[in-house]
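J.: Here is how the chains run, residue by residue.
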Amino acid sequence: MAMFKDVLETVRMIEKERLDIRTITMGISLLDCIDSSGAKSRQKIYDKITHLAENLVKEGERIENELGIPIVNKRISVTPISLIAGSSDDLNYVEYAKILDAAAATVGINFIGGFSALVPKGFTKGDRILIDSIPEALATTNCVCSSVNLGSSKAGINMDAVKRLGEVIKETAYLTRDADSIGCAKFVAFANAVEDNPFMAGAFHGVGEAESVLNVGVSGPGVVKRALEKAQDASFGEMAEIIKKTAFKITRAGHLVGTTVAERLNVPFGILDLSLAPTPEIGDSVARILEEMGLQHCGTHGTTAALAMLNDAVKKGGIMASTSVGGFSGAFIPVSEDEGMIEAVECGALTFDKLEAMTSVCSVGIDMVAIPGDTPASTISGILADEAAIGVINNKTTGVRVIPVYGKDVGDTAEFGGLLGRAPIMAVNKNDCSVFINRGGQIPAPIHSFKN
Amino acid sequence: MRAVVTVIGKDRTGIIYNVSKILAENEVNIEDISQTVMHDFFTMIMLVDMKNMSVDFGVLKAALEEIGNTIGMSIRIQHEDLFNAMHTI
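First to last, the protein sequences are chains A and B.
Just so you know, the numbering used here puts 241 at position 241 of the first sequence, and the rest follows in order with no gaps.
Just so you know, the numbering used here puts 1063 at position 63 of the second sequence, and the rest follows in order with no gaps.
Be a bit skeptical, because a hint or two may be false.
Here are the simulated DMTMM-like cross-link-like pairs (lysine to aspartate or glutamate), alpha carbons at most 25 angstroms apart as the crow flies [stated by the list, open to error]:
#1 Lys5(A) <-> Asp1040(B)
#2 Lys58(A) <-> Asp1081(B)
#3 Lys245(A) <-> Glu1080(B)
#4 Lys58(A) <-> Glu1080(B)
#5 Lys5(A) <-> Glu238(A)
#6 Lys5(A) <-> Glu1065(B)
#7 Lys315(A) <-> Glu339(A)
#8 Lys430(A) <-> Glu171(A)
#9 Lys1061(B) <-> Glu9(A)
#10 Lys5(A) <-> Asp1056(B)
#11 Lys58(A) <-> Glu1066(B)
#12 Lys1010(B) <-> Asp1032(B)
#13 Lys16(A) <-> Glu343(A)
#14 Lys1010(B) <-> Glu9(A)
#15 Lys1051(B) <-> Glu59(A)
#16 Lys5(A) <-> Asp1011(B)
Read the hints as simulated data drawn from the structure, not as lab findings.
Let the hints inform the model, and build the full structure from the sequences given.
T.: Right, dumping it as structure tokens:
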């Protein structure tokens, strides 16, 4: 039996420090749902998802109950729809989004990811139709999440996609203007997208994946912060050690949940993503961890270094704890979903440019950032291009989830509610980049892509 | 299958009696108990064996939570696996 103090530590982590399993995400391949008839294809999609994921929520809740650790979200990711719908004659894929939404409602999950296209080196017919369908798809569904991979370290950056997605984000913002442009919160533009990510909005089930798998995303910023609180005089080496040990424990809990749920659903366990994912709740913030290290506010000088150390230590602790670490596995820095980030923006400590610098050393990128509604599409494309460049050159995943909130400007706040939180509108650079964006074509693959 | 019962709250008479009564009624065997009282604060951890348990896990959990509410203690029951996973290499 675990020691007395170990038991109490686990109970305290769950009760007081918000340790939870952020998501169990079932990846489902839809490759066998391809059909020249769109209607038939969609019927196969609905039938397959509702059959395979029939017990996902039930088993998730059962394990939550037995282990006494909350599993906040149960979700599904599917094969990028552009690959599935491309062989049909349909000229618009909104109906595919609607069937995913219907399947999600039937099995009782809150998000389904995979209304996606992979275009780092160019578009297929299906990719173009899917991208054109994104605004309406996100405006007319509740649970569907969309993503586009527009660059990779192997292929460079598809600047035509960068340009088009700036417009798509603006259109989505307009179509969901009655809810603070919330449609944009369900869309991510990636570079080096990972195929086994369990977190939304960017989850999709890659073509190299098995028929069906179960992936897990853990969390626990509050646990890491609490551990550091107890070590006020620690040096950097000592802090790294504390973070590693904490990440190890969190990861082990996630691994146990993932393997147990997978076994009971009779699907293989995929990966465990050990990202520190914050929520808007007090005590569940990544920004507060950085401040605990000695920064007055997240965003001040030193923040990038603090985040780099946190990210690296989390990975090291997690890797030791599970042989199936994958996904993003680092620290997330979404603004609207982290109360410490929100405060840092509101008090002027954290700017857009600093956030961009931070994305070069941690998971993902410019995440859940609300910007003025009148930001031109070309400026949004510029943001996408910058983040993609950071990812492509540094061999890491980067993503952009920005929300140009229709009718709002700096000083206003967008309210998304629930896990998506609220976001103060952040200023972006007002100088024009449209000539750059309009050039079109491909930014070539970086020199380090030629490794063969 | 074994589980860990954690009982935390202000010390009072009859805590062990009330918890072990529920366990006995449901054929759950207590294998180990550790407890401590610090500044009037009672903490107890029990390792229990549920091999012959006569009810569903959820029913036992609800019964323990209910008696916890009655006597003003926080009572949790969790599978042993979680603690072993987190605290052993």
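J.: Which of the numbered hints are not met once you compare them with the structure shown?
T.: 10
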